[in-house]
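If you read the protein sequences in the order shown, they are chains A and B. Here numbering that gives the first Met the number 0 is used: position 148 in the first sequence is 147, and no number is missing along the way. Here numbering that gives the first Met the number 0 is used: position 102 in the second sequence is 101, and no number is missing along the way.
No lab work stands behind these hints: they were computed from the structure. We treat Cβ as the ideally placed atom computed from N, Cα and C, and that holds for glycine. Treat the hints with care, as some may be off.
[Unchecked claim] Mimicking DSS-like on lysine-lysine, the simulated pairs with C-alpha atoms at most 27 Å apart in a straight line are:
(1) A/K119 - B/K254
(2) B/K141 - B/K166
(3) B/K141 - A/K120
[Unchecked claim] Anything over 12 Å on all C-beta distances counts as not near chain B; from chain A, calculated:
(4) R26
(5) I37
(6) V56
(7) P76
(8) F105
(9) G155
(10) Q187
(11) S192
(12) G196
(13) A210
(14) D249
(15) Q277
(16) L285
(17) V291
(18) W300
(19) Y307
[Said to hold, decoys possible] Heads up, incomplete: computed chain A residues facing chain B, CB under 10 Å, no partners named:
(20) R175
(21) E179
(22) Q182
(23) A191
(24) V206
(25) P209
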Amino acid sequence: MSSSHQLSHKRSAKADTDSINQKQGSRQSIGETAWTVISGLCLVIALIPLFLVIIYVVIKGINRLDVAAFTELPPPPLADEGGGFANALIGTLVMVAIGALISVPFGVMAAIYLSEFSSKKIAKWIRFATNILSGVPSILIGVFIYGLLVLTNVTGYSAIAGGTALAVLMLPIIVRTTDESLQIVPRQVRWASVGLGASRYETVLRVVLPAALPAIATGLTLAVARAAGETAPLIFTALFAQFWTFNPADPFSSLFSPIASLSVLVYNFAAVPYKNQQELAWAASLILVAIVLLTSILSRWATRNRIY
Amino acid sequence: MTDNSTEQSTDQKSIQELANYPDSYSENDETVFRAENINIYYGDFLAVRDVNMEIPARKVTAFIGPSGCGKSTLIRCLNRLNDLIEGFCLEGRMFYHDQNLYADEVDPVEVRRRIGMVFQQPNPFPKSIYNNVAYGIRVTGKKDADMDEVVERSLQRAALWDEVKDKLGANGLSLSGGQQQRLCIARAIATNPDVVLMDEPCSSLDPISTLKIEELIRDLSEEYTIVIVTHNMQQATRVSDITAFFNAQANEEGKRSGYLVEYGPTEHIFNSPQQEATQNYVSGQFG
Ligand SMILES: Nc1ncnc2c1ncn2[C@@H]1O[C@H](COP(=O)(O)OP(=O)(O)OP(=O)(O)O)[C@@H](O)[C@H]1O
Ligand SMILES: [Mg+2]
């Protein structure tokens, strides 16, 4: 190849790279910058409430977050200091546990049926129904359980009734996230398993579920986080208690009496004129925010191990 | 749904085709599959029609043809994998040895234990290499099998052993595409099936992995009956003994149904095909 030929080759390549260089001040680049700035601003605006809420709750709640808060019972209205929300914390844990105990097995099994065994038509209707259920305002769920278990005296105001209400709330979230997690597992992988002579249920148990487990765990944590912060379904079902109603020595029968919860404590104490109770409400709010943060981090951590 | 009138089962065309190739099938060649008047529907859509053919034992049979002509559909009928697809329906009879695969008394799970399958996309389970290979044995519930030995033998057979013998605990998904596909082959032959079906096993692989797998296919055909779908003509000529050419034709409503144009020994199909469509396709002049 002659050198002059090479040279001309180089020159044309140079010309090409020139044409892809950014042209400052062109209409395109101004538009680009404008869009970046506008969408960036919107992002900041969207994040402001989140940060304000967290900062405000931390400032208001942090100094009341002492040992007493975790060990003592709610103070009477006129007590100037002292008291805590130990029973409410336990109450929230107990009811979320009851809710999870009911909704996780049903929800996960329902989602497995939905994604693996049902026909497309049935699946479509069930998905539609779960979407509606997840859109039902949580206060209605509270009223529903109130009518079903409290008014009829099946359980009366109780941890069971509260937990059941939370279960109804969690159910659609669990069904939907589990369903989605299962759907993500590629059809090819199912076919590989069936093609090796596994039955369909073996395929689900041995391949599909393990592959979807991290994603399912994420969904479950989100459902728990959501339930832990709910107030409305508990007001009509679990009521509240100033005292210890959960007795670890006899857990079963104590589940049938009214029980305190953090969210209802916040609801009750935030609007009263007693400073001590107000402060306690802030501290309880901080705990609720911490639970949500913690579960979100947990679910992020579970997603880290995601396979598909 | 699966049973049809048996009288018509010997189709005129296929007899003619066989007559054209007097040397193709000696009488004592064992037949593994025999398709009789197979029509395959997805819902109302007739995907494949009128297939009559035989697939001999311990030979490599290649399905070739343009995209959408139903090669995958037909190969999935051979191990009843299509049962998983909603709306799938088969007319006619598909014999595996002497048994109609679609007879009521047949257990599809048992069928699939005898007929292994390798797919177009490598699809190892998200499990360790060892557990991938062991999976088939585990689900068949064979307790007496020496698993370590089966795993080693299958991986060796699939020409993967040397590359993975030090990391059998590693996730199958951590292998390269070509290695994954050989893992899938090892997985399919671990249960020692009678037949191995391969749907475009090399289409996502580089040329070197492809050659390795082709070698493997030739090698496996001494023991196994192999059916392979391929888009690659050279591959068909390199690996197959018998070639079946499928084409698709639009009906009055404009829906394309696939059908078998002709089948016979690979060198006949490629060098002296009887049908013009085949000639056009194998010479690369396909519209
Ligand atoms: N699960 C399915 N549901 C409905 N129709 C399907 C399904 N799978 C395939 N088909 C249709 O059946 C016809 C044959 O498809 P098939 O996948 O068997 O073709 P193919 O010959 O394997 O094509 P390719 O070479 O592109 O893989 C196509 O028209 C396709 O749209
Ligand atoms: Mg195909």
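Against the structure, the hints:
The suggested pairing of A/K119 with B/K254 holds, with an alpha-carbon distance near 24 Å, which does not exceed 27 Å. Under the criterion of a C-alpha separation no larger than 27 Å, the hint pairing B/K141 with B/K166 is consistent with the structure, at around 25 Å. Between B/K141 and A/K120 the alpha-carbon distance is near 38 Å, which puts this suggested pair outside the 27 Å criterion. Listed as a non-interface residue, A/R26 keeps its Cβ farther than 12 Å from every Cβ of chain B; the least gap is roughly 43 Å.
For A/I37, the condition that its CB be more than 12 Å from all CB atoms of chain B holds, with the nearest at approximately 41 Å. Interface exclusion of A/V56 from chain B stands, the closest Cβ pair being 40 Å apart, more than 12 Å. Non-interface call for A/P76 relative to chain B: holds, since the shortest CB-CB distance, roughly 57 Å, exceeds 12 Å. Once the 12 Å rule is applied to beta carbons, A/F105 is consistent with being away from chain B; the minimum gap is 25 Å.
With a cut of 12 Å on Cβ distances, A/G155 stays outside the contact zone with chain B, its closest approach being about 48 Å. Some Cβ of chain B comes within 12 Å of the Cβ of A/Q187; the nearest lies about 4 Å off, and the non-interface call is violated. The beta carbon of A/S192 is not kept farther than 12 Å from every beta carbon of chain B, the shortest such distance being approximately 7 Å. Interface exclusion of A/G196 from chain B breaks down, the closest Cβ pair being 3 Å apart, not more than 12 Å.
The Cβ of A/A210 sits about 5 Å from the closest Cβ of chain B, inside the 12 Å cut-off, so the non-interface label is violated. Separation of A/D249 from chain B is adequate, the least Cβ-Cβ distance of about 45 Å exceeding the 12 Å criterion. With 12 Å as the threshold on Cβ separation, the claim that A/Q277 sits away from chain B holds: the shortest Cβ distance comes to roughly 52 Å. Against the 12 Å criterion, A/L285 stays outside the reach of chain B, whose nearest CB is about 40 Å from its own CB.
With a least beta-carbon separation of about 30 Å from chain B, A/V291 lies farther than 12 Å from that chain, consistent with its non-interface assignment. Separation of A/W300 from chain B is adequate, the least Cβ-Cβ distance of about 18 Å exceeding the 12 Å criterion. For A/Y307, the requirement that its beta carbon stay farther than 12 Å from each beta carbon of chain B is not met, with the minimum near 8 Å. A hinted interface residue such as A/R175 counts as satisfied when its beta carbon comes closer than 10 Å to some beta carbon of chain B; here the least separation is about 22 Å, so the hint is violated.
With a least beta-carbon distance of about 17 Å to chain B, the hint placing A/E179 at the interface is violated under the 10 Å criterion. At a threshold of 10 Å, the smallest CB-CB gap from A/Q182 to chain B is about 15 Å, leaving the interface hint violated. With 10 Å as the threshold, the beta carbon of A/A191 comes within range of chain B, its nearest partner Cβ sitting at about 5 Å, so the hint holds. At its closest, the beta carbon of A/V206 sits 5 Å from a beta carbon of chain B; the interface hint therefore holds under the 10 Å criterion.
Checking A/P209 against chain B by beta carbon gives a least distance of about 7 Å; that is within 10 Å, so the hint holds.
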